[in-house]
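Below, each chain spelled out in residue letters.
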Amino acid sequence: AQSVTQPDIHITVSEGASLELRCNYSYGATPYLFWYVQSPGQGLQLLLKYFSGDTLVQGIKGFEAEFKRSQSSFNLRKPSVHWSDAAEYFCAVGAGRGGADGLTFGKGTHLIIQP
Amino acid sequence: DAGVIQSPRHEVTEMGQEVTLRCKPISGHNSLFWYRQTMMRGLELLIYFNNNVPIDDSGMPEDRFSAKMPNASFSTLKIQPSEPRDSAVYFCASSQQVGNQPQHFGDGTRLSIL
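Chain order of the listed sequences is A and B.
Count the first sequence with my numbering and you get residues 1 to 115, in order.
Count the second sequence with my numbering and you get residues 1001 to 1114, in order.
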């Protein structure tokens, strides 16, 4: 069975600083990987996805993530954060066929932006 | 385009009552998923459907939980009888089965069982 670990429960970053959120996954085959963001009282919004090909994927809102098979990681990055980026971030892995199978989520990382 | 629509947004009811959560997937999507989010367990997959057929219900916690998808545009998740530990946010998501399309989530139903 697949699993996802997000080691950081909370991260505090100053506005304008760079950001990296960590994600490690466990899955026997080539994984389908996702990052979602959740604002308070809202659903999950897809930031980016990795299915195959280029291991550096670009997403919305200036986010990117890099798939590293050797490290079983899919870390999320942003060069300069904005106060509006404060939210909960979830990494997820799919067993196959992209989004057609159920996703396994990490416990999330709560991002706090300092002015 | 309309996203995934869930109703109600909030539900407060007493223990023992029947609860029905509703979901309308995005038009054209043929996979539908129900997730539950709690502080203790995070986001968990409860059940999912492909082409209205339940594929994996291993995440449904107990027989008190049941889900149906009578047609491509509607699904329900029912809890009967409800218990306080069922209090959570329940999310519905949908996706297209072909083309490696990601899942799109609704805004969730916040359920409180007193």
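Please keep in mind that the hints were generated in silico from the structure rather than gathered at the bench.
Please note that the accuracy of each hint is not assured.
Here are the simulated DMTMM-like cross-link-like pairs (lysine to aspartate or glutamate), alpha carbons at most 25 Å apart as the crow flies [as the list claims (entries may be wrong)]:
{"id": "1", "chain 1": "A", "residue 1": "Lys61", "chain 2": "A", "residue 2": "Glu88"}
{"id": "2", "chain 1": "A", "residue 1": "Lys107", "chain 2": "A", "residue 2": "Glu20"}
{"id": "3", "chain 1": "B", "residue 1": "Lys1068", "chain 2": "B", "residue 2": "Asp1057"}
{"id": "4", "chain 1": "A", "residue 1": "Lys107", "chain 2": "B", "residue 2": "Glu1018"}
{"id": "5", "chain 1": "B", "residue 1": "Lys1024", "chain 2": "B", "residue 2": "Asp1063"}
{"id": "6", "chain 1": "A", "residue 1": "Lys107", "chain 2": "B", "residue 2": "Glu1014"}
{"id": "7", "chain 1": "A", "residue 1": "Lys107", "chain 2": "B", "residue 2": "Asp1107"}
{"id": "8", "chain 1": "B", "residue 1": "Lys1078", "chain 2": "B", "residue 2": "Asp1057"}
{"id": "9", "chain 1": "B", "residue 1": "Lys1024", "chain 2": "B", "residue 2": "Asp1057"}
{"id": "10", "chain 1": "A", "residue 1": "Lys107", "chain 2": "A", "residue 2": "Glu88"}
{"id": "11", "chain 1": "B", "residue 1": "Lys1068", "chain 2": "B", "residue 2": "Asp1056"}
{"id": "12", "chain 1": "B", "residue 1": "Lys1068", "chain 2": "B", "residue 2": "Glu1014"}
{"id": "13", "chain 1": "B", "residue 1": "Lys1024", "chain 2": "B", "residue 2": "Glu1044"}
{"id": "14", "chain 1": "A", "residue 1": "Lys107", "chain 2": "B", "residue 2": "Glu1083"}
{"id": "15", "chain 1": "B", "residue 1": "Lys1078", "chain 2": "B", "residue 2": "Glu1014"}
{"id": "16", "chain 1": "A", "residue 1": "Lys107", "chain 2": "B", "residue 2": "Asp1057"}
{"id": "17", "chain 1": "A", "residue 1": "Lys61", "chain 2": "B", "residue 2": "Asp1107"}
{"id": "18", "chain 1": "B", "residue 1": "Lys1078", "chain 2": "B", "residue 2": "Glu1062"}
{"id": "19", "chain 1": "A", "residue 1": "Lys68", "chain 2": "B", "residue 2": "Glu1062"}
{"id": "20", "chain 1": "B", "residue 1": "Lys1068", "chain 2": "B", "residue 2": "Glu1044"}
{"id": "21", "chain 1": "B", "residue 1": "Lys1068", "chain 2": "B", "residue 2": "Glu1018"}
Here is what the structure says about each hint:
no.: 1; hint: A/Lys61 - A/Glu88; in the structure: 15 Å, holds
no.: 2; hint: A/Lys107 - A/Glu20; in the structure: 16 Å, holds
no.: 3; hint: B/Lys1068 - B/Asp1057; in the structure: 11 Å, holds
no.: 4; hint: A/Lys107 - B/Glu1018; in the structure: 29 Å, violated
no.: 5; hint: B/Lys1024 - B/Asp1063; in the structure: 24 Å, holds
no.: 6; hint: A/Lys107 - B/Glu1014; in the structure: 29 Å, violated
no.: 7; hint: A/Lys107 - B/Asp1107; in the structure: 18 Å, holds
no.: 8; hint: B/Lys1078 - B/Asp1057; in the structure: 13 Å, holds
no.: 9; hint: B/Lys1024 - B/Asp1057; in the structure: 19 Å, holds
no.: 10; hint: A/Lys107 - A/Glu88; in the structure: 10 Å, holds
no.: 11; hint: B/Lys1068 - B/Asp1056; in the structure: 12 Å, holds
no.: 12; hint: B/Lys1068 - B/Glu1014; in the structure: 23 Å, holds
no.: 13; hint: B/Lys1024 - B/Glu1044; in the structure: 20 Å, holds
no.: 14; hint: A/Lys107 - B/Glu1083; in the structure: 24 Å, holds
no.: 15; hint: B/Lys1078 - B/Glu1014; in the structure: 15 Å, holds
no.: 16; hint: A/Lys107 - B/Asp1057; in the structure: 21 Å, holds
no.: 17; hint: A/Lys61 - B/Asp1107; in the structure: 20 Å, holds
no.: 18; hint: B/Lys1078 - B/Glu1062; in the structure: 11 Å, holds
no.: 19; hint: A/Lys68 - B/Glu1062; in the structure: 38 Å, violated
no.: 20; hint: B/Lys1068 - B/Glu1044; in the structure: 18 Å, holds
no.: 21; hint: B/Lys1068 - B/Glu1018; in the structure: 15 Å, holds
Comparing the model with each earlier hint shows violations of hints 4, 6, 19; every other hint is respected.
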